[in-house]
Every structure is written in C-alpha cells, then in structure tokens.
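Just so you know, the protein sequences line up as chains A and B, in that order.
With our numbering, letter number 305 in the first sequence gets 305, and the count goes up by one each step, no holes.
With our numbering, letter number 341 in the second sequence gets 341, and the count goes up by one each step, no holes.
Errors might be hidden in some of the hints.
Chain A regions said to be covered by chain B (calculated; three or more residues, Cβ under 8 Å) [said to hold, decoys possible]:
1) 200-211
2) 251-257
So the derived label-pair ranges between C-beta atoms look like this [to be verified]:
3) B:Ala-31 <-> A:Ala-251: 33 to 39 Å
4) B:Ala-141 <-> A:Ala-108: 33 to 39 Å
5) B:Gln-207 <-> A:Ala-335: 55 to 61 Å
6) A:Gly-252 <-> B:Ser-244: 54 to 60 Å
7) B:Ala-141 <-> A:Glu-66: 54 to 60 Å
8) A:Leu-247 <-> B:Leu-140: 27 to 33 Å
9) B:Ile-360 <-> A:Glu-327: 31 to 37 Å
10) B:Glu-197 <-> A:Glu-66: 51 to 57 Å
Don't read these hints as lab results, they were simulated from the structure.
Quantities reported herein were computed from a predicted structural model and do not represent experimental measurements.
We put the beta carbon where it would ideally sit given N, CA and C, even for glycine.
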Amino acid sequence: MRTSTRAALALVVALAAARGAQAQDDQLVTSTSFITGISARGYSVDAGPNTRQFAFPIALVMPVNERLSVDVGTYFASTRSEVSGAATTVSGLTDTQVRGSYVFGRDALVATVMVNLPTGKKQTTAESGVLGVAAANFLSFPVNSYRTGLSVTGGLAVATTAGSWNLGLAGSLRMSGEYTPFTDDNLTYSPGTEGRIKVAADRTLGTSRLAAGFTFSTFGNDDFANLSGGGNGTYQPGNRYIGELSLSFLAGNGTLTGYAWDFYRQKAGGAGSTNQENIFSLGASGSWPMGRNMRLEPLLEARFWSPDQGSGSLFGGGAALQIPMGEKITISPAARFDFGKYEFTDGSNHNITGWGASLFIRYEI
Amino acid sequence: MIRMRALALAGFAAVVSGCAHSVQTPAPTPADIPALEAARQQRPNDASVLTRLGIAYFDAKDYTKARDALRATLVVEPTSYAAAVYLGLSYEELGNLDSARVSYGRAGAMRITSGQREELTARLTLLTRKELQQDARNALAQEAVLTQSAPVENTIAVFPFRYRGANEELRPLERGLSQLIVTDLSKVARLRLLERERVQALLDEMQLTDSGRVQTATGARSGRMLRAASVVQGTLQDQPGNGSQLRLDANVVNATNASVTATGAATDRLQQLFEVEKTVVLQLLQKMGITLSAAERRAISERPTADLQAFLAYSRGLEAEDRGDYQAAAEQFSAAVARDPNFRTAKDKQAQNQRMAAAIGTTPAQLAGIQGGVPTGSDRPQQPGTPAPRVVTLRNVITGSIPSHGGLITGQVGGQPPLQRPPLPEAIQTDDPRTGGLTGQIIIIITRP
Numbered sequence: 001m002r003t004s005t006r007a008a009l010a011l012v013v014a015l016a017a018a019r020g021a022q023a024q025d026d027q028l029v030t031s032t033s034f035i036t037g038i039s040a041r042g043y044s045v046d047a048g049p050n051t052r053q054f055a056f057p058i059a060l061v062m063p064v065n066e067r068l069s070v071d072v073g074t075y076f077a078s079t080r081s082e083v084s085g086a087a088t089t090v091s092g093l094t095d096t097q098v099r100g101s102y103v104f105g106r107d108a109l110v111a112t113v114m115v116n117l118p119t120g121k122k123q124t125t126a127e128s129g130v131l132g133v134a135a136a137n138f139l140s141f142p143v144n145s146y147r148t149g150l151s152v153t154g155g156l157a158v159a160t161t162a163g164s165w166n167l168g169l170a171g172s173l174r175m176s177g178e179y180t181p182f183t184d185d186n187l188t189y190s191p192g193t194e195g196r197i198k199v200a201a202d203r204t205l206g207t208s209r210l211a212a213g214f215t216f217s218t219f220g221n222d223d224f225a226n227l228s229g230g231g232n233g234t235y236q237p238g239n240r241y242i243g244e245l246s247l248s249f250l251a252g253n254g255t256l257t258g259y260a261w262d263f264y265r266q267k268a269g270g271a272g273s274t275n276q277e278n279i280f281s282l283g284a285s286g287s288w289p290m291g292r293n294m295r296l297e298p299l300l301e302a303r304f305w306s307p308d309q310g311s312g313s314l315f316g317g318g319a320a321l322q323i324p325m326g327e328k329i330t331i332s333p334a335a336r337f338d339f340g341k342y343e344f345t346d347g348s349n350h351n352i353t354g355w356g357a358s359l360f361i362r363y364e365i
Numbered sequence: 001m002i003r004m005r006a007l008a009l010a011g012f013a014a015v016v017s018g019c020a021h022s023v024q025t026p027a028p029t030p031a032d033i034p035a036l037e038a039a040r041q042q043r044p045n046d047a048s049v050l051t052r053l054g055i056a057y058f059d060a061k062d063y064t065k066a067r068d069a070l071r072a073t074l075v076v077e078p079t080s081y082a083a084a085v086y087l088g089l090s091y092e093e094l095g096n097l098d099s100a101r102v103s104y105g106r107a108g109a110m111r112i113t114s115g116q117r118e119e120l121t122a123r124l125t126l127l128t129r130k131e132l133q134q135d136a137r138n139a140l141a142q143e144a145v146l147t148q149s150a151p152v153e154n155t156i157a158v159f160p161f162r163y164r165g166a167n168e169e170l171r172p173l174e175r176g177l178s179q180l181i182v183t184d185l186s187k188v189a190r191l192r193l194l195e196r197e198r199v200q201a202l203l204d205e206m207q208l209t210d211s212g213r214v215q216t217a218t219g220a221r222s223g224r225m226l227r228a229a230s231v232v233q234g235t236l237q238d239q240p241g242n243g244s245q246l247r248l249d250a251n252v253v254n255a256t257n258a259s260v261t262a263t264g265a266a267t268d269r270l271q272q273l274f275e276v277e278k279t280v281v282l283q284l285l286q287k288m289g290i291t292l293s294a295a296e297r298r299a300i301s302e303r304p305t306a307d308l309q310a311f312l313a314y315s316r317g318l319e320a321e322d323r324g325d326y327q328a329a330a331e332q333f334s335a336a337v338a339r340d341p342n343f344r345t346a347k348d349k350q351a352q353n354q355r356m357a358a359a360i361g362t363t364p365a366q367l368a369g370i371q372g373g374v375p376t377g378s379d380r381p382q383q384p385g386t387p388a389p390r391v392v393t394l395r396n397v398i399t400g401s402i403p404s405h406g407g408l409i410t411g412q413v414g415g416q417p418p419l420q421r422p423p424l425p426e427a428i429q430t431d432d433p434r435t436g437g438l439t440g441q442i443i444i445i446i447t448r449p
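If we strip away everything but chain B, and leave its shape as in the complex, we get (with noise of 0.2 Å):
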C-alpha cells in the first residue's frame, strides 16, 4: 500500500515536472503518511512534500510532528500561508497558544483575500478565550505563588452578581449587571478593570458554587489569584411583598485581606433596573473615595440601552457565550439589537459571536484555503511570487558567477560582498580608501618600448 503510494506521488510529481502551472491535489491523511515520509527523505527541501507532511500529522493527531514539519516548510517557504495556519493550529493543539497567535499573525501578515484575513481574524477571538481559559487553570496552578503576589494597583475585578429570586428570565442578569458595572467602572480614569471575560474564566475554572460567589473569603482569594487590588461581588434579589421591586447590593472587598471596604444598596422596579445599578456603582466609588470628574459622572450615567427587555437578552448572550455556544449568544445579541438598533455594545457582541460561531464550523483545511486541495509538486510555491528553493540556488550562482546592475538593484543597504571588480582603480591603485586616490601607481610588470 504504502509502495503504491509512494508510486503514486512519484508519479505525480513526474506529470508535474513538465507543467509549468501548480496543481493542487486532495488534501493529504494520515494514510499518506508512510509516503510522504519517504518522499521527505527523497526531497527534504521540497516545500510541498513538508506541508502535505505537516497536514498529515495534524490530521492524525500528531502534534508534536506535525509542528516540526510545518516549521520546516515556513523555512524553506516563508510565505506559505496553509503551512502558517496550521503551524496555528499544531500550536494551539500543544497548548502552546502564545506561538499560535505569532502564527497566525504571520499567516495575517501575507497576502491573503479579505475572506481569508476574516477568517484568521475570527481564529484570533476563538484563541482569545482559549488564552483566558489557561491563563485561569495557569492562575489555579499557581494559586500559591499569586496568592503571596503583590496586587495591581487600582485592578478590580467584578464577580457575577448571585440572583436571589423566583424569576429564571432574570437569572441572566447575574452577568449583564457585572458586564454593566464593568463598563461604568472604566469609565474611571484611575481605575483598571479586569474582562469580565477573565474573571469568569477564572470562576468557571474554580468551579464554585453559587453561593461561593458572594463570599467575600472566596472573593478576595480570586481576586489574588488575579491580582487585583479588589474585588466587587453583589446580589440581586426580589424584594418580597412589594412587587416587581428588586433591590441590589454590592461589596468591594479588599482581595489581600478580604475586608469589605465599600458597599452600596439601590431597590426599584425591575423597569428602573438600569437606575438602580448607577446609583449603586456611584455609592461605591463615593465610598472607595474616589471624586469623578464631570466627564466621568456623565459618561458612568450613559445607559447603553433603554430598552430592558434588549438588556435582557443582551445578558442572556453572555450567558450563551460564557457556556461556548456561540451561535445561540449571536442569535440573543441579534435579539437585543432588533429590539434596540442604538445597542452597539450588543451589536459588537453579535459580530464577534458570529465570527466565533463560523470559526467553529470552519475546518483547519478551509482556514488553511486548501479545502480544494494542496498545491503540489516540485517545489511549487503557493504564494505568487515566491521561488521555488532550487531557484534561489540557480539566482544565488548566477549571481555570483554573472553580476549585473539589474540583478543587484535591491532595498538591502550592505550585506553582500564585492562582486564587480572596478577595473582600472584597482590597475592603477587608486583603489585604497584611506588615501582618497592620491597615491595611485601603475604596477607595470612588463614594459615594452
């Protein structure tokens, strides 16, 4: 089988040779591997052959392999825009997600369609919430290390606040309300505001339990691990005989020593929810002592909808986007903006959601544009424009062997050695850069009359 394979590729490379278009042929599994490892050793330098390698690998779950290849490929081809992508890929396959991103920046940096710089682009939020979610296992792990870590100064953390009440449709609100006190907070030149992203990252990752959320102990051990300076936890409950009333409370505690060091209460309707919340963000920076400045009260009283029903499926989004399902947190941020069009921190979610929801159904070989097959053959580039590596060996000799202006012409100042001899300069010894050519003599070795 793996004779006939190799046959095949062999043969395959031979109906190449004497074309001078790139052909692409089926993506490669792992099946090819045993052939494409022979045809590495037969051309270790063919571009091609590595890429089809590397892909083979990733598809059968060799990483680490996978990862080489695909390295060796961007070396010998710099430009080669499906090794990138699944050099990403492998990366992140490792958990190696910082080398990830630096690949797929790579694979951004070349020229690329508009649909393929989307793609990456969606790839890149995707990662983005993979990195929150080992950077919260990182912070378990060293949880005691951190702990002993001096806080960021000014860093604050918010917790989803605990729903005490009989309404399921308002449970959602846990998240919207830390995601609104997130954003009010920011909105604070002093202060720096952890994702609330992160934060729940770091909580899903701890697995607590409901009531763990509003445990100041609980709070200031995550807030440490974190490494912010405090960490504000709060309840939102029905207020019982009086209504549709809610009452919201909230606490900064102090994450090194888990004091409370502010707090704030507000109850209305439910309708005046949005009122409630900017009276109690506003209690606790009066009570953290903090003094806005008129910019920074009128931009904390800015809502960013009217509309409570939008916000409600605002916050349910983040719900579904918190849980990974990404489609249904783009269809209740979709939601929230048809009920309320001026929502724009709903419609930067839509979108986003939706690029993560279509990087979800994408598949490595339609992130890699190689979903009609790989280019092949003899050293084939897949960049326009890059040559194939015996080429650069046949321009280096040609070069060095016939040096012309046209061909020395480049953006590189220095670099290359003297490659066009100045003839009579040298002859007549003017050529010695310390004399500015005063010196010059014909070294005469025969002199005929």
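Bound conformation, chain A alone (with noise of 0.2 Å):
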C-alpha cells in the first residue's frame, strides 16, 4: 500500500474516531458516509450525436467534530460519443475536490473552502467533442468536466429565521489557477474569478413546505496563451442566474414535491458569441414508504431549452428506491426515460430519445 493511501485511511479513521459519539441533530453532516455505485445516462438524437456516459462516483462525508464537516468526492467516467460514424471514448478519473465547512456559533454562519486537485485525465484535442456534449447544461451529465485546473473556494453562509421564514444567504469566490487543458496542444487556460451569490427562503404554509432560492455568478475573464494560431486570447463567459421554487407536501403517508427552477446563462462577451441559453424545469417527485424501511422516490420531469437558435425540450419520468440493508448500508437503484425534440440552428426538428440508471451505496460508518 502507498504511504500516500495508508496515510489517508488513517486520518479518516483518527477524524472518525475523534468525532466521538456527540449528538449531531443541529450539525451540517451528522454521520460519516461512504457512497459509491454507478450512474449512467445517455441519450440518442435521430440526426447523432449519440452519447453515453457511465461514471462511477466515489465519496466521503464526514463530520469531524461538531462543527467541522469534510466531503471529499471523485468520479471514474467514461464517455462516448458518436456521430456520423465515428465514435470517441473518453475514460478516466475526474478532479477531486475536497470540501470543509465550519460551522459559527449555533449553526447560523458557516465558512466553507473547497479545493479542486486537477486529478482529472487530460484530454486530446480530438476528444474536446465528446467533452463539449457532456458539459452540455441541458442534459445533465453525472460528470459534465473531467479536468480543470487547482482551484480554490471560499464562502460564507448565513441562516436566521424571519417571522415564519427561515433565509439563507450564502456567497463565495472561486480562484482557478492556469492549466494546460490538452496532451497534444500547448493552449494554456486559466479560467477567470468566480463569484457567486446565492439567497434562499422556505417557510411552513398550512400543512406544506414551500422554498425558494436565487442565485447570481459572474465571472471575470478567461485567459487564453498559446492558441495554436498564435498569440493569446480572452473570453469573457456570460453571467448565469438560478431561480428555484419548490412546494413539497404530505400525501398519502409520504411526500410530494412540486418544484420549477430555471437557468439563464447570458451571452458571452464579444462579437460572433452566439452561446446564450435559458433552460427551464417543472417536475413533481415524491417519497413514498414500501415495507417497513424500504421508500420509492418516483420523478417526473419536463425540461425546455432555448439557446441563441433553435430549442429543445425533455419530457422523462423515473424513480428511485431508497432500500437499506441492515443499519449501515443502503441502496438506491434508480432509472429514468426520457423523450423529447431538439430544432436545428438549420431549423430541422429531431427526435431524442434519453435514458438514466444509477445504483448508488451508502455505507454509514
């Protein structure tokens, strides 16, 4: 065993045992969990590309003390794409990134840093297709980025309760160190400053739950050097907004959730940029118990896409069980279908088939 991995498990068994038996019903993690499994997705557009992914998730949550929560989280992926014939497949690990957030006073303002460690797998510039289709934000990819480069967050959240609501605002800042995205090509990259804003509201309403969140990111410029052209460039992404709304009540003797969010990623800087998009959801999903710990969590799901031509919409329905296996094991198998059209920048319609199956393992420690 490398002392690098021997060295690891033995600090997350010193932090688990540190942790101690403490009450944690007010902590941020309340218990240390192992999940790992497999997520697939893939979708199928009559006129190509045709795309897959299987990635296999890899993560620990863990609360240190009662303040102090750490989640490390990484992904093996391998993605397919073909189009026209011709079919690229890209396998291999994903960043890692590792989370901590402490906890002020009584859980009314947190502090959380997270790192990215490029441990990504490089990519060839022939594979940035495949890449580009799974960074896709319509078609939410278990893993939409393989490699970016070491990266730095840092945020602070607060929570209050008002009259009969319960506020939550939270901001951060993302630094991105530059990197050579690329095997074969010498562009280096160095993405721009984040920065993000996010609010949030929900409060009891009668016998339902209804929340509500907003968030804003801008971004400074990317810098780009080494271009194969020659010479360096800038881009300058468009700032993104996040609305969400859901109402979540007791039916039957489980709950159902209504929720809609919507995503609006403006246009970036400069002549020719044509990437704007707007991505609207409206789904229901539920939590029903079957058998006496066993609970199904059905889904159904319409997506819309507007991007600056064209249009795309899903409609998809699915369900997950939530099935534990003695007091530290559970399992959660998953699948979903979906269905929907894409219109063409050409203004051609086509058909889309997608599809989507996980089996996730939860191991409380």
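Can you join these two chains into the complex? Each is in its own frame, and there are hints to help.
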C-alpha cells in the first residue's frame, strides 16, 4: 500500500474516532458516509450525436467534530459520443474536490472552503467534442468536466429566521489557476475568477413547505495563451442566474414535492457570441414508504431549452428506491426515461430519447 | 400564567440553544396551549413546538387543531414518530379511520424499535375493529342505497346461530359454530366468506333480538347491507327427552329475495358436535349445487380441535372479544390453548387479543414513545439523522454557492439545475449538445500578439 493511501486512511479513521458519539442533530453533516456506485446516462438524437456516460462516483462525507465537516468526491467516468458513425470514448478520473465547512455559533454562520485538485484525465484536442456534449447544461450528465486546473473556492453562508421564514444567504469566490487542458497542444487556459451569491427562503405554509432560491454567478475573463493560430486570447463568460421554487406536502403516508427551476446563461462577451441559453425545468418528485424501511421516490420532469438558435425539450420520468440493508448500508437504485425534440440551428426538427440508471451504495461508518 | 409559561419556554430554549444534545421536557398539557401558540407565532417552523402544540390540542380533545398542527410538523420534519402517531390518534378521534391507518403506516415505516412496532401493530388491530363498527354504521345509514346494489357473487355471510336450550354454558357456541362454519365454507375455492367479526358488527349495530337473527327477512336485509349474495342462519337446540343430544339446523337464504335456497340439519350427542357441524356444512354445499374437489372435502373435514371443552372456551373468547373485553377474551383463548396446545386458531386469537388488551392500556404518550417527555428545543429532530429546518436552509445555500462532487452525489437521477461550470467546453463552444462538439471555436474578445 502506498504511503499516501495509508496516511489518508489513517486520517479518516482518526477523524472518525475523534468525532465520538456526539449528538449531531443540528450539524451540517450528521454521520460519516461513504458513497459509491454507478450512474449511467445516455441520449440518442435521430440525426446524431449518440452519447452515453458511465460514471462511478466515490465520495466520503464526514463530520470531523460538531463544527467542522468535510466531503471529498471524485468520479471515474467513461463518456462515448458517436457522430456520423465516428465514435470517440474518453475514460478516466475526474478532478477531486475536497470541501470543508466550519460552523460558527449555533448553526448560523458557516465558512466553507473547497479545493479542486486537478486529478482528472487530460484530453486530446480530438476528445474535446465528446467532453463538449457531456458539458451540455441541458442534458445533466453526472460528469460534465474531467479536468480543470487547481482552484480554491471560499465562501460564507448564514441562515436565520424572520417571522415564518427561514432565510439563507451565501456568497463565494472561486479562484482558478492556469492549466494545460490538452496533451497534444500547448494551449494554456486560466479560467476567470467566479463570484456567486445564493439567497434562499423556506417556510411552512399551512401543512405544506414552500422553498425558493435565487443564485447569481458572475465571472472574470478566461485567459488563453499559446493558441494554435498563435497569440493569446480572452473569453468573457456570461453571467448565470438560477431561480428555484418548490412546494412539498404530505400525500398519503409520504411526501410529494412540486418544483420548478430556471437557469439562464447570458451571452458571452465579444462579437459573434451565440452561446446564451435558458433551461426551464418543471417537475414533481415524491417519497413514499414501501414496507418497513424501503422508500419509493418517483420523479416526473419536463425540461425546455432555449439556446440562441433552435430549441430543445425533454419529458421524462423515473423512480428511485431507498433500500436500507441493515443499519449501515443503504442501496439506491434509480432509473429514468426521457423523450423530446431538438430544433437544430437550420430549423430542422429531430427526436431525442434519453435514459438514465444508477445504483448508489451508501455506507454509514 | 401564560406569560410565565412563555418565559419558561423561552428560558428553556435559551438553555438548549447552547447545548448540542436533544433534551426532553415533560409532555405538554392543555394548560400549555396558550404558551405554545405564542411560541408557534415566533417560531412557526419549529417542529418541536408544533409537535408539542399538536399533543396539547389532542389532550384538550381539540382534534381538528391537533391534526393541523401535527400535519404541519410532518411537513417540517417528515420522520417525527411522535407526530405521526398523534396524527393517527387524532384522525381516529375525528372518525377518519382511513387517514389514521395511513398515519400509523407512516410511523411504521420509520426506524423504530421492535417494541414500538409491536405497539403499532396492536393499535392497527384495534383500528380494524373500529373500522368494522364504522362500516356497520355506514351500512345502516346507506341501507336504501345498499339494498339496491347488486350483491357480490358467491359472497356468504354467516350469522351467529341461535341457541334454544336451557344450558347457558352452551350459549357461547352461537358464535363458535358460526366461526366454525365460516372456516369450513372458506375452504371452498368458489365461495367468498365475510369475516364473522364484520357480520357481528352489523348485527350489533342493528341491535337485533335473538329471534330476529334467525328470521329469513332479517337475514336477507342484513345480507344486502353486507352486499352478500347469501346468508347462513341457523339454530342449535336441545333435543327434549333425548339425553344430551343437540340438533343443528341451518338455512342458506338468498339475500336478494329472502328465499331459502338450501337447508341442512343433524342431531347427535354434544360430544359429536364437530361431526354434526361437518354434516350440516356438507348438506348445505350439496344443496347449493357445489361439487367439492377432493382437496376441498379433505380441508373441510379437518377439525380445529378434538376437545369440546377447548372449543367451548374458544367460543367464550369470541363472545368476550365481540363485547370488546379483550383481556377476558385472551384469558378464554388461553384456557382453550391450555386444554389443546394444537388449537392453532385459539392460539392466534389469544395473541391478537393480548395485543389489543395491551393497546387499550397503552396511553397515547406511551404509543408515541414520549412518556419520558417530548424532545424539544430549537428545531430539534426526533429521529437520528434528521436535520433541523435551518440546517436544511444552510445546506441548500452552501450547495448552491459552493457545489462539490461529494455534496452532489446522491441517489436521485436528475431534478437539479446545473451548478458547476465546465469552463473550457463553454469557452470553445463545444457544449451545444446538438453538434456533438464538432463546431467548437474560441470566442476571443481581445487578441494580444
């Protein structure tokens, strides 16, 4: 066993032991969990491309003590995209993200730091197309990026009650280092600093629970150097806005939640930019007990995509099961199916079908 | 007084706010309602306050308000066992037994102890008895409609037999024989037998006289209310001048037109009671035109016990059960089992009645697991791993502002907006899902040499 692996295991054991048997009702993370499994997603467009991804997540979420909690996560992913009979597959690790949150006072103010470690697979220029499809916000692949550079995100979050409302506010700043994304090109890329603010509110409404949120992200310029044509360049990402609304209520012996969210990305700066997009999603999910401990969690969702030119829509449904296997292990199989349409930039319409399946295993240490 | 209680609550909240451990306070009483209502005004999302208020309303017999407060608790804290149990109890008091069953089912789906599960099972058994009584009341109230409805084909209701004799010790056989015939007829695949308890509940609700139970018109009327196609009625009587001989007569009455479609009769010594019953059952089936398979005939010939005294004790148990005296019923069934340890039906009934007797003796606080007090304080959950509402809000804004792989890996497929930017595909515009990433270009706003 490598020394670093042994040291990491020792650290996990020591931290878990330090946690002891504290009461954790109001902690951000109440128990140490190790999560792994498989998550698969695929989409076929009748005019191509056909893309599928298998992702194997590995995550550890743990409270270090009553105030500090840590999560570590990465994936091994394999993404394959086929366009006009030519298929490309990219397989490898993604970046590893380590996040720590420290609670000040009584769960009112939380400081969070997240470090993105560039453990992900580097790509060739020929593979950038596959990774582009996986990155599409409209499709929600489990892994939308294999490798970026080292980055550090710091942020503060507060929550309080005001009358009938629970209110939350969080802000963060992400600073990214320069990196070389391609193995066969000298291009260097330095993403701009990202600032993000999220406000959220929730309350009980009669016998229902209403939650709303709004997120705003803005970016500094991304810098390129050693462009293949020579010289340097800058890309100015558009701001992002996310609005979310959900209403949960009791339905039989379970809970039903109706939700809607809208993601809007502004056009990038610069002449010729056409990459603004809006994604609106409307759905309902539920959670009902089946037997003593098992829960059924069905989901219905409609998603509408409005890029600069053309459009897309997806209508899907699926279900997940939460199956406890004893006190420590929970298995969560899930599956979904989607169908919809794309309007291409030339005005032609094409059918799209999608599928998703996952099996997660959570082990509470 | 109210102010004092509010101050006490506020002081208590202040004490627990500095403590990470859940604390229990005595279960609330109706006197706490004003203070708890004031606390709810200040902390409407506090599951602990809502639970305590719901319990206080329940104890004050204000079941509508209790229901509303406890439903609100379960929205904030879906795994509150106490709230789910008290909600079930409130629904019972409001006469909404279906919702009560759902609430107990919700509680039963939580991570609870085996003791709590047993108590819930017992409560559900009691609830079944209540449902039978409610069904009977509803049937009477809707008699005009039900009597016009077509019966369910091949459905049979067996009435308690009427004992016409001087030996009061044999009177419990009225119910024992009825149960025996239900058991035997249910072995015939094409027949659907109504539970004896359901039939008895309707007859109790109708408050029929002894003679009324054996009149064909009454039988047909009751059968229609039960939507049974046929009713079995009968008598058990001493044979005068014939020693300890008994005669069993039974009729099958068509519930639609009150005509007698089959009859059966047999006479023998009391010790041969089971033989007499089997003879009558087989006669009835033959006259109903039912041809039994060999397996059905064999099943009908089986006797629950060979011990008449055990069967008499069993019959007394049924009598006690029907009048709601579950403790006495359990004792009678126990006596039957003591005489014949292989008397399986008696054994089952003994366990069932012991559970119901225990359930009747269980207070709501015991059932809800709060006899030691209610977990309280600011947003304290009652099930391990349940986050307080404000913590949920915090998690939400942290995930939205600093999403991480570890935080995002969940069991649900889909349902979330895109939270992490994939910078390079966006910058080189390969992230249009329609193109397969083939039209990438870098949008350069400033080019430097």
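Tested hints:
1. 200-211: Since three or more residues must qualify, the claim that chain B covers the segment 200-211 of chain A holds, with 10 doing so at under 8 Å.
2. 251-257: holds (count 4)
3. B:Ala-31 <-> A:Ala-251: 33 to 39 Å: 35 Å, holds
4. B:Ala-141 <-> A:Ala-108: 33 to 39 Å: 56 Å, violated
5. B:Gln-207 <-> A:Ala-335: 55 to 61 Å: 56 Å, holds
6. A:Gly-252 <-> B:Ser-244: 54 to 60 Å: Since Gly-252 (chain A) and Ser-244 (chain B) have Cβ atoms about 57 Å apart, the given range 54 to 60 Å holds.
7. B:Ala-141 <-> A:Glu-66: 54 to 60 Å: 58 Å, holds
8. A:Leu-247 <-> B:Leu-140: 27 to 33 Å: Given about 41 Å between the Cβ atoms, the range is violated.
9. B:Ile-360 <-> A:Glu-327: 31 to 37 Å: 33 Å, holds
10. B:Glu-197 <-> A:Glu-66: 51 to 57 Å: Given about 54 Å between the Cβ atoms, the range holds.
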